[in-house]
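Chemist: First to last, the sequence lines map onto chains A and B.
Going by our numbering, the first residue of the first sequence is number 5, and it counts up by one from there.
Going by our numbering, the first residue of the second sequence is number 6, and it counts up by one from there.
Don't read these hints as lab results, they were simulated from the structure.
Heads up, a few of these hints could be off.
[What the hints assert, rightly or not] The list that follows gives simulated cross-link-like pairs (lysine to any residue, SDA-like), each with its CA atoms no further than 20 Å apart: (1) Lys58/B with Asn212/B; (2) Lys283/B with Glu292/A; (3) Lys283/B with Leu133/A; (4) Lys140/B with Arg150/B; (5) Lys283/B with Val284/A; (6) Lys140/B with Val188/B; (7) Lys283/B with Arg249/A; (8) Lys84/B with Ala130/B; (9) Lys283/B with Arg286/A; (10) Lys155/A with Leu133/A; (11) Lys283/B with Lys155/A; (12) Lys314/B with Pro300/B; (13) Lys58/B with Gly225/A; (14) Lys338/B with Glu326/B; (15) Lys58/B with Glu292/A; (16) Lys283/B with Ala271/A; (17) Lys283/B with Glu31/A; (18) Lys84/B with Ala26/B; (19) Lys58/B with Val188/B; (20) Lys283/B with Glu266/A; (21) Lys283/B with Ala270/A; (22) Lys283/B with Gly225/A; (23) Lys58/B with Glu157/B; (24) Lys283/B with Arg293/A; (25) Lys140/B with Pro124/B; (26) Lys140/B with Gly102/B; (27) Lys283/B with Ala306/A; (28) Lys140/B with Arg106/B; (29) Lys58/B with Leu79/B; (30) Lys338/B with Gln310/B; (31) Lys58/B with Arg19/B; (32) Lys140/B with Arg152/B; (33) Lys338/B with Ile287/B; (34) Lys283/B with Met281/A; (35) Lys283/B with Asn240/A; (36) Lys84/B with Lys58/B; (37) Lys84/B with Val44/B; (38) Lys283/B with Gln289/A; (39) Lys58/B with Arg293/A.
Treat the numbers as computed from the prediction; the structure is a model and nothing was measured.
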Amino acid sequence: MSDSRDAPSPGETPGAGGAAPGAPLLEIADLRVTFATGDGVARAVDGVDLAVQAGETVGLVGESGCGKSVTALAMLRLVEHPGHIAHGSRVRFEGRDLLALADRDIRAVRGNHLALIFQEPATALNPVLTVGSQIAEVIRTHQHGSRTEAKRHAVEMLRTVGIPDAEQRADSYAHQLSGGMRQRVLIAIALACRPHLVIADEPTTALDVTIQAEILELLDGLQRQMGMAVLLITHNLGLVAERTRRVYVMYAGQIVEEAGTEALFAAPLHPYTQGLMAAVPRLDQLRERLAAIPGQVPPATAWPGGCRFHPRCPFAWDRCRSEMPPLLDAGEGRKARCWLVEDEAHRGTDAPAHRGTDAPAHRNQHGEGGGAQ
Amino acid sequence: MTTPVLGCPGAPVRPLLAVDALTVHFHRRTGLLGSHREVVQAVSGVSLAIGHKETLGLVGESGCGKTTLARAVLRLVEKVSGSVRFDGQDLHSLAPGELRRMRRRLQIVFQDPHASLNPRMTIGAAIREGLTIHKLAEGAAADRRVRELLEEVGLSANAADGYPHEFSGGQRQRAGIARALAVEPELVVCDEPVSALDVSVQAQVLNLLMDLQARRGLSYLFISHDLAVVRHVAPRVAVMYLGRVVEEGPAEELYARPRHPYTQALLSAVPVPDPLTKRPRIVLRGDPPSPVNPPSGCPFHPRCQHPAKDEACRTVRPELEERAPGLRTACHKG
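Pulled out of the complex, with its shape left as it was, chain A reads as follows (with noise of 0.2 Å):
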C-alpha cells in the first residue's frame, strides 16, 4: 500500500508546554558577531534580532554568507576565535541570557535544553566511537544515572528516530551508516534530552530529496510528540514554505524581512524577498526566465554603505544609497529594513514630507530596534 501523507500544514505546531505566553522560548537582540580577516573586520552577523516561542516552528533562510550558521552558532557560543560575539548582544533562552552564564553553565545547556542539528553528518559525528556510545555520552552528560541506564536510553532513541535493528546498530561506526542513517543519528543525539528547542542548520541539505522528505517526516512527527520547538536554518524556501509558520530573512549579516509564512510566500515585502522568489525554478509553475538578482552578495568585510541590498535593488533610490533603513514595522506582525515599506506606510495616511523624520541617525551603528518581542 502506498503510504503517502500530506505535507504538515505551516500552522501545524504543537502545543506549547510550559512557557507563559508571550514570554518567548528564546530571544536574541542586537546580537552581533565579527570575525577578525586578512581583509578587515568582518561583520557576519550584525544587529539580530530574532524570537521563538515555545513548540514553534520558526525559519531562518537566507544564501550563503548571509550570516544565518553563525547566528545558530552564536546562540550556544560556538564561535570559534577569530570569531567574537560582541557586547551588547543577547541572547535569553528560558529567561537566562545565554552570553553572560558561565561555562560550565552553557555546557549544561547545550544539548539537554537547546540541541543543535548540524548540516554535514559526515562530520559531526565522531568517527572512533560507536553511535550508540554518542548518544548515550550525551545522556549521561545531563541526566544523572547509571552507564547501563544511558546505554539502554540510547538503544531506545536509535528506535524512536527509526533505525533498523536498534541493538546492533548501537555498535557501529559512522562510516558504517549512509547519509540518511548518520542524520537519523544526529537527531537522535539532539533529541536525546528532550530539549525545548532544536536549531536545524540545513538539516538535510547534504541528503537527497526523497532521503530529506523522510528525516523531515520523522522530526516532524517527534517535534509533535516531544512539543519542542525547531528553528530550521535553510536557503531552501520549498522547505520553509512546507515546514514553518514564522520566517526570518537575513541578508549581510541582517534580518531583512520578518513574516508570518503565508503572509510572506503571499507578498513578499522586501525587494531581496521579492527577489528570490523569483530567482528560484518550480515545479509547480513553468517559467519562461527565471528573474536573476544582479550581481552577488558582497563580502562580509565590505557591506555597502546605506541599504546593503541597494546595489543589487531595482527600485533603490538616493535614500538607499545614504540611509540604512531599519527593520520597519508593514502592520500585522510583519517587519521589513526598506524605505519602500514607510513610503507605503506613510501613503495611507499622510503623503508628503516625511522623510529624514525617522530615520537612524548614523546608518552603521545600533541594532536599528524593532526587534521581536
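Given chain A, put chain B in place with the hints provided.
Modeler: For chain B alone, kept in the frame of chain A given last:
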C-alpha cells in the same frame, strides 16, 4: 524534429547523440588493505538520444549513475558494452587522434568549475588553451576571441588576466562555460552546473545557458539532482535509478503524470515554495540499494510502494515501454 524513431515518439529522428544500451562498470577495492575487489554496476543498459539544438534533462539521486553516464558519453571512462554515437560515429571505437578531433564538438561544464579551470592558469589562458589545441586561433586573433567569449558569458574582457580564486562561484562558472564554448562545440554536457550556486546566482547562470543555446544552436545533456531546475531547462527528461533509466519522455507529461513509482516519489518529495500547496507525499523507506549488488527484477522493487507489486517485480527486469504519447516507463505496473 520530434517525430517517431525506434518506436519512441518524442525522440529525435536523426539524433546528434545516440546512446545505445550503454553499460559501464567500475572496479573498486574494499576491505582491509583493499583485499576485496568488487564491481560497481554504475550504468546498466542505458539508451538515450539528443537531437540538434535540443536539451535532454537527466535527473536522479546520488549514486544513480548519472555522472558516470556523462563521462562515458564523452569517453572519459570506458564502456563495458553498448555504444555512444555522436553524429553517426561511435566514440568508443575511434582511434585516439580521431577522438581528439571529435572532442572539439563535445564539451563539458562541471558542477565545480575548479575541475575545469587550472588554479595556476589565468582565466584567459584556460579559455585560450582549447583554441590552441584545436588550432582555431592564435596570436592577436586568439586574444580577441577570448575577450569576445568572456563578454558573451557576461564577464568583462579584463577577467582574462584574473586567476580562478579571484572570482565568485557564479563568475567561475561563467568562465567554465566560456572555456567550453571556445572550441565551438555542438553538444555540451552540463553536469550539475548550478548545484554549487546560491539561488540568486543560479538563476543568472541558467538564463545564460538558455540564451547561449538559442544563440548558438547548442544541444545540452543537462544533468541535475534538482527536479525544478531540470523542469526549467529541459523539454524532455530521463529519470535514472540505480544505473538505469526508469522513465523518459516529454517533461510536461512526466512531471504532470509520472507513471513510474520512483518518479512519483521523487516528485512528491520536492518541497514547493508555496505554503498553501498541499500535496500528497510518498515517503520512501530505506536507502537505495548498492550498485555493487543491485536487486533482481525491477531495481526499485525493494523500496516500491505500488499496491500491485508482485513476484514479477522481484524477478523480471521491466523494459522501457511507451505508456503515454512519448512517455516510456520501465514498470510492470505503472
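Chemist: Each of the hints needs a verdict: does it hold here or not?
Modeler: Status of the hints after comparison with the structure:
{"no.": "1", "hint": "Lys58/B with Asn212/B", "verdict": "16 Å, holds"}
{"no.": "2", "hint": "Lys283/B with Glu292/A", "verdict": "24 Å, violated"}
{"no.": "3", "hint": "Lys283/B with Leu133/A", "verdict": "42 Å, violated"}
{"no.": "4", "hint": "Lys140/B with Arg150/B", "verdict": "13 Å, holds"}
{"no.": "5", "hint": "Lys283/B with Val284/A", "verdict": "19 Å, holds"}
{"no.": "6", "hint": "Lys140/B with Val188/B", "verdict": "9 Å, holds"}
{"no.": "7", "hint": "Lys283/B with Arg249/A", "verdict": "15 Å, holds"}
{"no.": "8", "hint": "Lys84/B with Ala130/B", "verdict": "33 Å, violated"}
{"no.": "9", "hint": "Lys283/B with Arg286/A", "verdict": "15 Å, holds"}
{"no.": "10", "hint": "Lys155/A with Leu133/A", "verdict": "13 Å, holds"}
{"no.": "11", "hint": "Lys283/B with Lys155/A", "verdict": "40 Å, violated"}
{"no.": "12", "hint": "Lys314/B with Pro300/B", "verdict": "15 Å, holds"}
{"no.": "13", "hint": "Lys58/B with Gly225/A", "verdict": "47 Å, violated"}
{"no.": "14", "hint": "Lys338/B with Glu326/B", "verdict": "11 Å, holds"}
{"no.": "15", "hint": "Lys58/B with Glu292/A", "verdict": "17 Å, holds"}
{"no.": "16", "hint": "Lys283/B with Ala271/A", "verdict": "19 Å, holds"}
{"no.": "17", "hint": "Lys283/B with Glu31/A", "verdict": "31 Å, violated"}
{"no.": "18", "hint": "Lys84/B with Ala26/B", "verdict": "10 Å, holds"}
{"no.": "19", "hint": "Lys58/B with Val188/B", "verdict": "17 Å, holds"}
{"no.": "20", "hint": "Lys283/B with Glu266/A", "verdict": "13 Å, holds"}
{"no.": "21", "hint": "Lys283/B with Ala270/A", "verdict": "15 Å, holds"}
{"no.": "22", "hint": "Lys283/B with Gly225/A", "verdict": "18 Å, holds"}
{"no.": "23", "hint": "Lys58/B with Glu157/B", "verdict": "19 Å, holds"}
{"no.": "24", "hint": "Lys283/B with Arg293/A", "verdict": "25 Å, violated"}
{"no.": "25", "hint": "Lys140/B with Pro124/B", "verdict": "24 Å, violated"}
{"no.": "26", "hint": "Lys140/B with Gly102/B", "verdict": "14 Å, holds"}
{"no.": "27", "hint": "Lys283/B with Ala306/A", "verdict": "42 Å, violated"}
{"no.": "28", "hint": "Lys140/B with Arg106/B", "verdict": "11 Å, holds"}
{"no.": "29", "hint": "Lys58/B with Leu79/B", "verdict": "18 Å, holds"}
{"no.": "30", "hint": "Lys338/B with Gln310/B", "verdict": "11 Å, holds"}
{"no.": "31", "hint": "Lys58/B with Arg19/B", "verdict": "12 Å, holds"}
{"no.": "32", "hint": "Lys140/B with Arg152/B", "verdict": "17 Å, holds"}
{"no.": "33", "hint": "Lys338/B with Ile287/B", "verdict": "17 Å, holds"}
{"no.": "34", "hint": "Lys283/B with Met281/A", "verdict": "19 Å, holds"}
{"no.": "35", "hint": "Lys283/B with Asn240/A", "verdict": "17 Å, holds"}
{"no.": "36", "hint": "Lys84/B with Lys58/B", "verdict": "26 Å, violated"}
{"no.": "37", "hint": "Lys84/B with Val44/B", "verdict": "13 Å, holds"}
{"no.": "38", "hint": "Lys283/B with Gln289/A", "verdict": "15 Å, holds"}
{"no.": "39", "hint": "Lys58/B with Arg293/A", "verdict": "18 Å, holds"}
Violated hints, in rising order: 2, 3, 8, 11, 13, 17, 24, 25, 27 and 36; the structure is consistent with all others.
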